[in-house]
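Given these sequences and hints, build the entire structure.
Protein sequences, first through last, are from chains A and B. Count along the first sequence starting at 1, add 108, and that's the number in our numbering. Count along the second sequence starting at 1, add 66, and that's the number in our numbering.
Worth double-checking, as some hints may not be accurate.
A few chain B residues that face chain A, going by a derived Cβ cut-off under 8 Å, partial list only [said to hold, decoys possible]:
1. Tyr163
2. Phe174
3. Met178
4. Val182
5. Leu331
6. Leu344
7. Ala345
Footprint (simulated), chain B over chain A, 3 or more residues, beta carbon under 8 Å [what the hints assert, rightly or not]:
8. 173 to 184
9. 240 to 248
10. 369 to 378
The set of hints was computed from the structure by calculation and includes no laboratory data. Just so you know, even glycine gets a beta-carbon here, dropped at the ideal spot from N, CA and C.
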Amino acid sequence: MNNTTTIPGIQKGYYPLKILIIILLLLGLGLFPFISGNRFYISLITEMMIYGLLAMSLDVLLGYTGALSFMHNAYLGISAYVVGLFLIHISPTSLWLACFTGIIFTSLVALPVGWVQVRTGGLAFALLTLAFGMMFHTIVWKWYGVTGGDDGLMGMPNPDISLFGWNLGNTGNPVTIYLFTLIIVTICFFLTRRIINSPFGAVLEAIRENEDRASFVGINVRMYKLLGWMLACILASIAGALFILYKGYIGPSTMSAFAGAGVLMMVLLGGLGSLWGAFVGAAMFIYIQDYISTMSEHWEIYLGLVVIFLVLFLPTGFVGLGEHLKRFRKG
Amino acid sequence: MGGSLGIIVDITLNSLVLSGVFLIVAIGLNIIYGLSRIMNMGHGALYAVGAYTGYTLVATGLNYFAALIIAPIIVGAVGLLIERTIIAPMRKRSMVYTLILTYGLMFFLDGMIKYVWGNKPCFIDLPAFLQGTISILGTQYPVFRLATLFIIAAIMGGLMLFLNKTRIGIILRASSTIPEMVSCLGINMNYVHMGAFVLGSVMAGVAGIIAGPLTTIDPLMGGEMLISSFVVIVIGGLGSLRGAVIAALLIGFVQTFAEFFITDLAMVIVYILMAIILAFMPRGILGEGKFE
Chain A
109 MNNTTTIPGI
119 QKGYYPLKIL
129 IIILLLLGLG
139 LFPFISGNRF
149 YISLITEMMI
159 YGLLAMSLDV
169 LLGYTGALSF
179 MHNAYLGISA
189 YVVGLFLIHI
199 SPTSLWLACF
209 TGIIFTSLVA
219 LPVGWVQVRT
229 GGLAFALLTL
239 AFGMMFHTIV
249 WKWYGVTGGD
259 DGLMGMPNPD
269 ISLFGWNLGN
279 TGNPVTIYLF
289 TLIIVTICFF
299 LTRRIINSPF
309 GAVLEAIREN
319 EDRASFVGIN
329 VRMYKLLGWM
339 LACILASIAG
349 ALFILYKGYI
359 GPSTMSAFAG
369 AGVLMMVLLG
379 GLGSLWGAFV
389 GAAMFIYIQD
399 YISTMSEHWE
409 IYLGLVVIFL
419 VLFLPTGFVG
429 LGEHLKRFRK
439 G
Chain B
67 MGGSLGIIVD
77 ITLNSLVLSG
87 VFLIVAIGLN
97 IIYGLSRIMN
107 MGHGALYAVG
117 AYTGYTLVAT
127 GLNYFAALII
137 APIIVGAVGL
147 LIERTIIAPM
157 RKRSMVYTLI
167 LTYGLMFFLD
177 GMIKYVWGNK
187 PCFIDLPAFL
197 QGTISILGTQ
207 YPVFRLATLF
217 IIAAIMGGLM
227 LFLNKTRIGI
237 ILRASSTIPE
247 MVSCLGINMN
257 YVHMGAFVLG
267 SVMAGVAGII
277 AGPLTTIDPL
287 MGGEMLISSF
297 VVIVIGGLGS
307 LRGAVIAALL
317 IGFVQTFAEF
327 FITDLAMVIV
337 YILMAIILAF
347 MPRGILGEGK
357 FE
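Dropping the structure here:
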C-alpha cells in the first residue's frame, strides 16, 4: 500500500478552514502585484492561471466524463486566433464582443467535432482528438494569408477593459491583465465547480463509470457526453481569449501536439478529477518548464520520462496523494 | 512525364506505395491492440527509429537488403525492452493510463532520436540497380518504388501465412478472441502479449526502413505517420486487419490525389473524409476487433 503517511491535516470537518484558505489564497493573489513589483513573476502567474483554466477544462473532460483529449490546446488556439483577428480587422476596441465571438466560433467548430467523436466513443474518441487537433494545427500553419502561418498573428491592438462604461485599465498593462485573468478564472472555477456538483455532473460521472448502465437508466449518453465536451471546449476558449490578451501574440506552436501533451501533463501532475488540482499541476508544470527549458534543449526526453514516471508511480497526481491517504485512514 | 495517362499511372502507383506503408504501420498497431488491448502511441516513433537505424546501417556500408532485415530486428529488440520495462506493469490498469504512458514514450523516443541523430534530414543511399527508372505506360517510374511494392506484398503475404498456418499464428489469433480459453490450455499469456508487442514493433521497423528511401528522414516523420495510421485503423475498425487493408488503400489514394491537386491542405481533406465516414459508421468500415 501507500507508505507516504507523512502529510498531516487531512481530516473530517475542515470545511470552514477550506473556505478560509480559498479566501486567503485569492486575497494573496489579488494583492500580489501591488506588493511585489516584479514584472516577470506577474507574467508567470498570469500564464499559470490561464493554463490552469485550460487544464481544468481538460480535467472536466478526462476526470469527469472519462474522455481523453490529446490536443485540447487546439481549442485555446482557435479562440485566441479568432479574438486576435477580430481585434485586428474588425474593431480594435470592442473587447467583450471579440471575446464573445471567439467563444461562439470555437463552440461552432467544437460542436461537429464533438458530434463525430461522441458517436465513436472510447479509444477511438481519444485517437480522433489527435487527428482533429492536427487538422486545426495544419490549417493554422498553412493558411498564411489569414493566420500569418509560421510567424503567427502579429500587430495585436491593446483594447481597454471597460465594464458598463467604467474603464478598468488597458490590456497592455501586465497588472491589469493579471487582475482581469484572476477575476475571470475565479468565476470560471466556481461556475464549473457548481456545474460539476449539480445533477448534470453526477450524470457525467455515472457515464464515466459505466456507459451501458447509464443508458439503461434512461440517460441519453451521447447527448450528455456531447454537453461535457462542449463545456470543456467553451472553458478552453475562454482560456484562449485570455491568452491572446495576455500575450498579444499567438503562433501555431501553441496548437501543436507537443503543447497538447503539456496540458495533459498538467492534469496528471495535479491529479484527475479534482478541479483545483489542475491549477496546482499547471503552476508546477509552467514553473518546471521555465526552469528546464533554459538549461537543456532536449526538453522532450525529460517530458517523456516525467510522463512515464507519473503514470507508473503516481497515477492520481499530487492531489490524489491526499485523497488516497484519506481513504486509507477511513479504512 | 508522359501524357495524362502517364500522370494517372504515376499517381496510382504512388498511392499504392503510400497505402502499403500505411498498411504495415497500421497492421503493427492493430496486432498490438487486437491482442493486448493496448494502443501504442509510441508506434510512430518506433517507425522513425526503424528509418534512422536503416540510415545508419546503410551509411556504414551495409547492403540495403541486409539493413532491411537487421533494422526491424533492432526495433523489435527496442520493443521488447519497452514492453518489459513499462508496458507489462500497466496491463491491469485502465486504458487511459496506457494511452498517456505511451504518449510519454513517444516524446521520450522522439527526443532520443533528436539527441542521437540531430535535427537534420537524412537520406538512405540505394544500391545502383535500384536507382534507375523504368518505363510503364508512358511514364518513367523509379525502380525502387516498384521494388517497394513487391517487398510490401511479400511482407503482407508472409504475415498472412504466419497468422493462418503456423502454430504461433494460430495461438495469436485464438488469443485475440478468447484469451481466457487460451490461457486455460496452458499457454502463457505473458508471452503472447510480449510476442504481440514485439511483432508490432518489428512491423513498425520494417515500415520505417521501407519508407526511408521514399521520403526524407526527419524527426517529424514519426508523428505524421502515427496520426495517419490512427486515421487508418479508426476508419478500418480498431483491431480489424482486413479493415486496415481497405482503409489504408482509401487513405493512401485520397492523400496522394489530394496532394497532387491542392498540395498544402491535403491532410485536411483526409481528416474531413475521416469525419464523414465515422459520422455514418462510428465503428469503422468493418467494425471492431475482427482479427483476421
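Okay, the hints, checked on the actual structure:
1. Tyr163: holds (5 Å)
2. Phe174: holds (3 Å)
3. Met178: Hint holds; Met178(B) Cβ to chain A Cβ min 6 Å, cut 8 Å.
4. Val182: violated (11 Å)
5. Leu331: Check passed: Cβ of Leu331(B) comes within 6 Å of chain A, closer than 8 Å.
6. Leu344: holds (5 Å)
7. Ala345: holds (5 Å)
8. 173 to 184: holds (count 3)
9. 240 to 248: Check passed, 5 qualifying residues.
10. 369 to 378: Held - the stretch 369 to 378 of chain A has 3 residues with a Cβ nearer than 8 Å to chain B, which meets the minimum of three.
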